[in-house]
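Trainee: Those sequence lines, one after another, are chains B and X. Quick note: the first sequence uses the numbering used here, first residue 71, plus one each step. Quick note: the second sequence uses the numbering used here, first residue 144, plus one each step.
Calculated from the structure, these hints are not laboratory results. Keep in mind it's a predicted model, so treat the numbers as computed, not measured. The C-beta atom is built at its ideal place from N, Cα and C for all residues, glycine as well. Any given hint might turn out to be false.
Below, simulated DSS-like cross-link-like pairs (lysine-lysine); rule was C-alpha separation at most 30 Å, straight line [said to hold, decoys possible]:
#1 B:Lys290 with B:Lys80
#2 X:Lys312 with B:Lys185
#3 B:Lys163 with X:Lys392
A few chain X positions that, by computed beta-carbon distances, are all more than 10 Å from chain B [unchecked claim]:
#4 Tyr148
#5 Thr149
#6 Gln258
#7 Val282
#8 Ile374
#9 Leu380
#10 Phe506
The following label-pair restraints were derived from C-beta to C-beta distances [as the list claims (entries may be wrong)]:
#11 B:Asn151 with X:Lys199: 52 to 62 Å
#12 B:Gln84 with X:Lys145: 36 to 46 Å
#13 X:Ser287 with B:Ile101: 51 to 61 Å
#14 X:Thr208 with B:Asp392: 25 to 35 Å
#15 X:Lys153 with B:Phe333: 46 to 56 Å
#16 X:Arg304 with B:Glu183: 13 to 23 Å
#17 X:Glu219 with B:Val100: 37 to 47 Å
#18 B:Arg176 with X:Pro452: 19 to 29 Å
#19 X:Arg162 with B:Thr138: 51 to 61 Å
#20 X:Lys153 with B:Val323: 51 to 61 Å
#21 B:Leu295 with X:Thr208: 56 to 66 Å
#22 B:Tyr291 with X:Arg160: 26 to 36 Å
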Amino acid sequence: MRTLKFLLQKEFRQIFRDKIILRMIFLAPVIQLLILPLAANYEVKNISLAVVDNDHSTYSQKLISKITSSGYFRLTGYTANFDEAYQLIADDKADLILEIPQGFERNLIREDEQKLFVAVNAINGTKAGLGGAYLGNIIASFNGSIRTQLIQPDRFNPMPQIQVTSVNWFNPLLNYSFFMVPGILVLLVTMIAAIQSALNIVREKEIGTIEQINVTPVKKYHFILGKLIPFWLLGMIVFTVGLLLARFVYGIVPAGNVALLYFFLSIYLFALLGFGLLISTYCNTQQQAMSVAFFFIMIFNLMSGLFTSIDSMPGWAKIITDFIPVTYFIEVMRMIVLKGSGLADIKFHLAAVFALGVVLNTWAVINYRKTS
Amino acid sequence: MKQLYTFVKKEFYHVFRDRKTLLMLFGVPIAQIILFGFALTNEIKGSKIIVVDYAKDVASQQLITRIGASKYFEVEKSFADHNQIEDAFKQGKIKLAVIIPQNFNDDILHFNKAQVQVIADASDPNTATTLTNYITNIVSDYQSSLTPNQKIPYRIVPQIRMLYNPELKGAPNFVPGVMALVLMLVCTMMTSIAIVREKEMGTMEVLLVSPFKPVFVIISKAIPYLLLSIINLIIILLLSVFVLNLPIKGNIFLLFGASTLFILTSLSIGLIISTVTTSQQSAMMASLMGMMLPTMLLTGFMFPVENMPVPLQVLSNIVPSRWYYIIIKNVMIKGLGFSAIWKETLILTGMTLLLLGLSLRNFKNRLA
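Bound-form chain B, shown alone:
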């Protein structure tokens, strides 16, 4: 026990003496947590729209003003022909073109049916799909209002009508930061803990100081515990800072039990630090450790379900996500913070992360050798 105490003392001194790193460990997450959730917003608005109005009728004017007043679209071009509008798309000045054909109003009344042409810049598939859908909805509602103007509606519905009423649970205002902030916090804690632990032992190897420890009677598990505990604490502190920021800046109050959240975090950090240690036992230089850590962290980030839905992934990718601890933590964060889930709800996640932690740490301890 005494040995461990001295080792911990050494590790903490090392951490606290490097002011640049210390600052980065705390400042970087704070700044990023303040800025990034604002950027990470899938809500599509301010879609630039170019209109080619060949009709110049009352209806075409009404339609255009209905579209621009919806709040989703910004009229950025009003061109005489389609080619000019197309040029606007090529220059990225417009995302969407709405072309109203000549005789739009007249044909609609006489022939009962009229077509409108919409062209969408589809390089960004999501934005194109959503923008097209919004425009479709607005046109449909414009269509409905014209129809009720022209026809006197019956007292009873002539056709069966099925109404869909929808409720949004857990986040009724559809506030996007409620969704992103907990997830980004997980990523930040993950990056700091994994990278710091991966680099630490390697640093001693590279500088040569590990030899000094290897020739002492310090036991393998003492040494590894001495490396793990400081970063475990650091992860806890960074997480707490992030949680406070989420509370006071974004107004996110965890709906569930905070103690449960910390319990999960402690097990998660155990698994994550095991991963960092494993990397450091395989590498000899910090550059190596860093590029290996980066490689995995990048895959973790992308596949964690933070940015894209895991349900949409093909089977083989879903199997990979089962082995990524970040996936579990992001899910648990959202479950506890937003939905107020209890211990019974997350027991599977808990077991999975614990199992990953045991495997990774055992592997790392076995692989660490005191002789090179």
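Go by the hints and put chain X onto chain B.
Mentor: Here is chain X on its own, set in the frame of chain B:
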């Protein structure tokens, strides 16, 4: 010149002898292209939902069959009781619940009016809205199938055409993004670490007291990573053309020219980082924590820049990858020429010169 050659050779030895790092340098772009190409999609499909059917009649069965047949939904099982819905949400098992009230079929037949209730898990707002829309569409399809012969009067039919990417594939959007991310990473992180490493090990002193000019020390450090980045670029382009079937529409020389410029910008960021940090660990934290997430998010390939609040839009202007991303999109996907990208090219050039000037000045200061 001969000295420079020798130094560049030394740096290449450094890089090539470190097999693990080299493997990862090439592994990152390959893994990213494969992940983005085959695993990640912004489309939401295969979402697990439950249906609580109180009606248990012909109409409700038909509707459930339609929902189940859609590729967007996987109907888990039907609960008898809506009280179980909350538990299912809390366990994270389902994304949405559909409740069909009693007498559904009768209501349709006698009153011509019926209701379906949808409860969505809005902890993910995007998925919640999209799934609710899907359900609404399925229901209205079902509704119009009830009266197939009736024609709606005064109909406006929008005809939507998708330009550049008719199948709405993800590739045209993310390939430029991956290129920006990987080049940024390799150049910034690797150069800064390679230089700081010599500082940390103490070998920098040896280099600085040699008759070799300090500027050349830096140049010889940068050359191997310049070359590696170009190889990476070729790998990404080959993968996107042959694996993802995404052709390069524009001029390939223009593409390489712009990429080389961006590589230089990233290299100079790496140089700046290396002049202000003293240990590999802090150089890495600066380039990884400081650069990676902002590059991923502010470049515009994951989240459109126009949707961001104005201060962030202003901030995104100083992220070089944002401009590079626009260039690549214009040249590679839209097939435009230099006239479409001169502004972005000018901005990148300016950034590079500024960064290079700053880092060279800092470097000299350190010597004095």
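Trainee: Against the earlier hints, flag every one the structure doesn't satisfy and list their numbers going up.
Mentor: 6, 7, 18
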